[in-house]
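A.B. asks: Residue numbers (numbering that gives the first Met the number 0), protein chains in the order written: chain S, 0 to 71; chain X, 0 to 516.
No lab work stands behind these hints, which were simulated from the structure alone.
Hints are not guaranteed to be accurate.
Said to hold, decoys possible - The calculated BS3-like cross-link candidates involving lysine-lysine, where the alpha carbons are at most 30 angstroms apart (straight line), are: (1) X/Lys335 with X/Lys389; (2) X/Lys335 with S/Lys27; (3) X/Lys257 with X/Lys177; (4) X/Lys146 with X/Lys177; (5) S/Lys34 with X/Lys146; (6) S/Lys3 with S/Lys34; (7) X/Lys257 with X/Lys335; (8) X/Lys146 with S/Lys27; (9) X/Lys389 with X/Lys402; (10) X/Lys335 with S/Lys37; (11) X/Lys503 with X/Lys389; (12) X/Lys453 with X/Lys389.
Stated by the list, open to error - From chain S, some residues computed to sit far from chain X (all C-beta separations above 12 angstroms): (13) Lys3; (14) Ile5; (15) Gly6; (16) Lys27; (17) Asp28; (18) Ile32; (19) Lys34; (20) Pro35; (21) Glu36; (22) Thr39; (23) Val61; (24) Ile62; (25) Asp63; (26) Ser64; (27) Ser65; (28) Val66.
As the list claims (entries may be wrong) - Here are the simulated distance ranges between beta carbons: (29) S/Lys27 with X/Gly466: 56 to 64 angstroms; (30) X/Asp157 with S/Gly29: 49 to 57 angstroms; (31) X/Glu294 with S/Pro35: 46 to 54 angstroms; (32) S/Ala11 with X/Leu284: 16 to 24 angstroms.
Cβ atoms here follow ideal geometry from the backbone N, Cα and C, with glycine treated the same way.
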Amino acid sequence: MPYKIIGSQCTACSACEPECPNNAIREKDGTYIIKPEKCTECIGYFDDPQCVAVCPVENTCVIDSSVARYQA
Amino acid sequence: MESKEHWDAGRPQAASDQSAAPAPGHNGCGASGGAGKASCGSSMAPEDMAPGVWEKVKNHPCYSEEAHHHYARMHVAVAPACNIQCNYCNRKYDCANESRPGVVSERLTPEQAAKKTLAVASAIPQMTVLGIAGPGDPLANPDKTFKTFELIAREAPDIKLCLSTNGLALPDHVDRIKDLNVDHVTITINMVDPDIGARIYPWIYYRHRRYTGREAAQILHERQMQGLEMLTERGILCKVNSVMIPEINDQHLIEVNKAVKSRGAFLHNIMPLISAPEHGTVFGLDGRRGPTARELKALQDRCEGQMNMMRHCRQCRADAVGLLGEDRSAEFTTEKVMERDLAYDGAARRAYQATVEEQRNEKAAAKEAELEGLRGRQSDMVVLVAVATKGGGRVNEHFGHAKEFQIYEAGVGGAKFVGHRRVDLYCQGGYGEEDALPTIVRALNDCVAVLVAKIGGCPRASLKEAGIEPVDACAHEFIDAAVLAYYKSYIERVERGEIAHTPKGDAAIRQGAYVAA
Ligand code: SF4
Ligand code: SF4
Ligand code: SF4
Chain S
0 MPYKIIGSQC TACSACEPEC PNNAIREKDG TYIIKPEKCT ECIGYFDDPQ CVAVCPVENT
60 CVIDSSVARY QA
Chain X
0 MESKEHWDAG RPQAASDQSA APAPGHNGCG ASGGAGKASC GSSMAPEDMA PGVWEKVKNH
60 PCYSEEAHHH YARMHVAVAP ACNIQCNYCN RKYDCANESR PGVVSERLTP EQAAKKTLAV
120 ASAIPQMTVL GIAGPGDPLA NPDKTFKTFE LIAREAPDIK LCLSTNGLAL PDHVDRIKDL
180 NVDHVTITIN MVDPDIGARI YPWIYYRHRR YTGREAAQIL HERQMQGLEM LTERGILCKV
240 NSVMIPEIND QHLIEVNKAV KSRGAFLHNI MPLISAPEHG TVFGLDGRRG PTARELKALQ
300 DRCEGQMNMM RHCRQCRADA VGLLGEDRSA EFTTEKVMER DLAYDGAARR AYQATVEEQR
360 NEKAAAKEAE LEGLRGRQSD MVVLVAVATK GGGRVNEHFG HAKEFQIYEA GVGGAKFVGH
420 RRVDLYCQGG YGEEDALPTI VRALNDCVAV LVAKIGGCPR ASLKEAGIEP VDACAHEFID
480 AAVLAYYKSY IERVERGEIA HTPKGDAAIR QGAYVAA
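Throw the hints in and build the complete structure from the sequences for me.
C.D. replies: Dropping the structure here:
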């Protein structure tokens, strides 16, 4: 399952965008969004999902269980 | 951010502005003047400061209390990301290390920021310094930060560049900072003990991992010290900001002061914690209070014997334009700037700056003359005097229009700037002048007098009642000279028994964001 950003909590600080190893994050209409088809949960790159690790607002980058899990 | 490079850099913490400091171990001039000694008001280098350092800081409104009357800086907000979390920061707002909590600056792209800077520099010849600070950490956003610097350096090489950081990413970028000729870096350092740090920083993001607790503070501490040492080695001026948090690091900041001094920081700026529940910060929600004016001054005084302290920092908003304390950002909104197509006028700027140098020399001469009058006098009376000014180093603001008062400490050794009290909030938002007055009186409660260009009858009476003498006799005179002249008449009247010299109480530090435009 990829990660998603809860738009109402995102401060648009942009910290997550450059950290994503898959370029899955971009700005859209004043908040940041994750492209589910690009997100690999950072598997293969880092131990922790980078967007979660850097985001200043707790529980803003969260698992999107509505989308199937990434297959490595 | 535009790049995908590793961002383990630190975020910028904003630097706040301040003063020039002399070599460690001496009391310096500039911002605060040495204890018991007048601060150097002249444009001559203080005797105990390396000439190279003075050259770099003398026109920097943030580093020299004297220069901030004449020169201006602006900050552009291009770097919103941060790599640590501070308990006094709510990231919905600007970096609290730079700005007061609760302030939001307009975020710009590097191109917009460069254009805005040039527009302001062309319109305001006093503008000599461009800073990148919060929101966020400039070094957590290195591409945006350095791109902005490159664009400005190409068009306007006379503008000084500075940045503020929390230090986490600093060691990775010191060489780039050197290459770009950035001559001032501010690091916010609140602790040198990780156990204390753990109470201030809940986490950091470093080398692709989030660290918490003591470990986080330990890494941050090591990176800060390493970054400071690397700057010193390369001859880049480094100022240290510390936030004074009562019961957490207030006593500890004396250790911090020693640690940063020994590593070559040229100035240490201790700022009060600004904390209110409505800011939504951890400290605000926990009800942690900020220090009082007296607690802050006592700590600054204790550290001053060891290095210069900066006291005129207003914790102003990061995109402020204009002389410190006078924000003109409304004239330079992105929209207005982008419409304009202008040429950068270096010649007009040089002409203006020459006039300022003359004025500064005149001012120094006036002060020397007053000091002469005090020579040979013995008195251990030291008093605080508030001054209303709108710039130029003169007593030239009407009491009722003052958004802030500058506080000078006067004694037989001279007058030195020790801080400022902002009162702008009280005069806004539907409060009439009558409501504002008691608050202003509280903010000036530790002063014996307030020097103004003009004052109405009603505030005059309330001030007198509170034991603060309103003085308009020195309207439009230079501040240092006026404060010294007042002090002289004060001690003479005490000697003649006309007035009583009684200890004054403490004063309040305003807890709101500086949003006055
Ligand atoms: S979990 Fe990793 S791959 Fe997915 S969006 Fe976050 S940073 Fe990118
Ligand atoms: S790090 Fe968090 S708050 Fe910042 S842009 Fe990304 S999702 Fe939004
Ligand atoms: S105050 Fe701390 S957490 Fe907030 S932006 Fe500045 S460095 Fe980052």
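A.B. asks: Take the hints in turn and mark each one as holding or not.
C.D. replies: Structure-based check of each hint:
At roughly 26 angstroms between alpha-carbon atoms, X/Lys335 and X/Lys389 fall within 30 angstroms of each other, so this suggested pair holds. Straight-line distance between C-alpha atoms of X/Lys335 and S/Lys27 comes to about 25 angstroms, which keeps the hinted pair within the 30 angstroms bound. Distance hint between X/Lys257 and X/Lys177 is fulfilled; the C-alpha atoms sit about 25 angstroms from each other, no more than 30 angstroms. For the hint linking X/Lys146 to X/Lys177, the alpha-carbon distance of about 14 angstroms falls within 30 angstroms, and the restraint holds.
Proposed proximity of S/Lys34 and X/Lys146 is supported: the alpha carbons are some 28 angstroms apart, at most 30 angstroms. Restraint check: the Cα-Cα separation between S/Lys3 and S/Lys34 comes to about 8 angstroms, which is no more than 30 angstroms; the hinted pair holds. Restraint check: the Cα-Cα separation between X/Lys257 and X/Lys335 comes to about 46 angstroms, which exceeds 30 angstroms; the hinted pair is violated. For the given pair, X/Lys146 sits about 23 angstroms from S/Lys27 by alpha-carbon distance, which is consistent with the 30 angstroms threshold.
With a CA separation close to 9 angstroms, the supplied pair X/Lys389 and X/Lys402 stays within the 30 angstroms bound. With a C-alpha separation of about 39 angstroms, the suggested pairing of X/Lys335 with S/Lys37 is violated against the 30 angstroms cut-off. About 26 angstroms separates the Cα atoms of X/Lys503 and X/Lys389, which keeps this hinted pair within 30 angstroms; it holds. Distance restraint check for X/Lys453 and X/Lys389: the Cα-Cα separation of roughly 13 angstroms lies within the 30 angstroms cut-off, and the hinted pair is therefore satisfied.
With a least CB separation of 19 angstroms from chain X, S/Lys3 remains clear of the 12 angstroms interface cut-off, as annotated. With 12 angstroms as the threshold on Cβ separation, the claim that S/Ile5 sits away from chain X holds: the shortest Cβ distance comes to roughly 15 angstroms. The claim that S/Gly6 lies off the interface holds: its Cβ sits roughly 14 angstroms from the closest Cβ of chain X, which is beyond the 12 angstroms cut-off. The claim that S/Lys27 lies off the interface holds: its Cβ sits roughly 15 angstroms from the closest Cβ of chain X, which is beyond the 12 angstroms cut-off.
With a cut of 12 angstroms on Cβ distances, S/Asp28 stays outside the contact zone with chain X, its closest approach being about 15 angstroms. With 12 angstroms as the threshold on Cβ separation, the claim that S/Ile32 sits away from chain X holds: the shortest Cβ distance comes to roughly 15 angstroms. For S/Lys34, the condition that its CB be more than 12 angstroms from all CB atoms of chain X holds, with the nearest at approximately 15 angstroms. Here S/Pro35 stays apart from chain X, with its beta-carbon at least about 19 angstroms from theirs, past the 12 angstroms limit.
Look at S/Glu36: its CB is around 18 angstroms from the nearest CB on chain X, clear of 12 angstroms, so calling it non-interface holds up. Distance check on S/Thr39: its Cβ is at least 14 angstroms (rounded) from any Cβ of chain X, clearing the 12 angstroms threshold; non-interface status holds. At roughly 15 angstroms, the least C-beta separation between S/Val61 and chain X is larger than 12 angstroms, which holds for a residue marked as non-interface. In this structure S/Ile62 is separated from chain X by more than 12 angstroms, as the shortest Cβ-Cβ distance comes to about 17 angstroms.
Listed as outside the interface, S/Asp63 is consistent with that label: its C-beta sits roughly 20 angstroms from the nearest C-beta of chain X, beyond the 12 angstroms cut-off. Its beta-carbon lying about 22 angstroms from the closest one in chain X, S/Ser64 satisfies the requirement of being farther than 12 angstroms from that chain. The claim that S/Ser65 lies off the interface holds: its Cβ sits roughly 26 angstroms from the closest Cβ of chain X, which is beyond the 12 angstroms cut-off. For S/Val66, the condition that its CB be more than 12 angstroms from all CB atoms of chain X holds, with the nearest at approximately 23 angstroms.
A hinted range of 56 to 64 angstroms for the beta carbons of S/Lys27 and X/Gly466 is consistent with their spacing of about 60 angstroms. Our hint of 49 to 57 angstroms for X/Asp157 and S/Gly29 is violated, since their Cβ atoms are close to 37 angstroms apart. In this structure, X/Glu294 and S/Pro35 meet the distance hint of 46 to 54 angstroms, their C-beta atoms being roughly 52 angstroms apart. The hint said 16 to 24 angstroms for the Cβ distance between S/Ala11 and X/Leu284, and at roughly 23 angstroms that hint holds.
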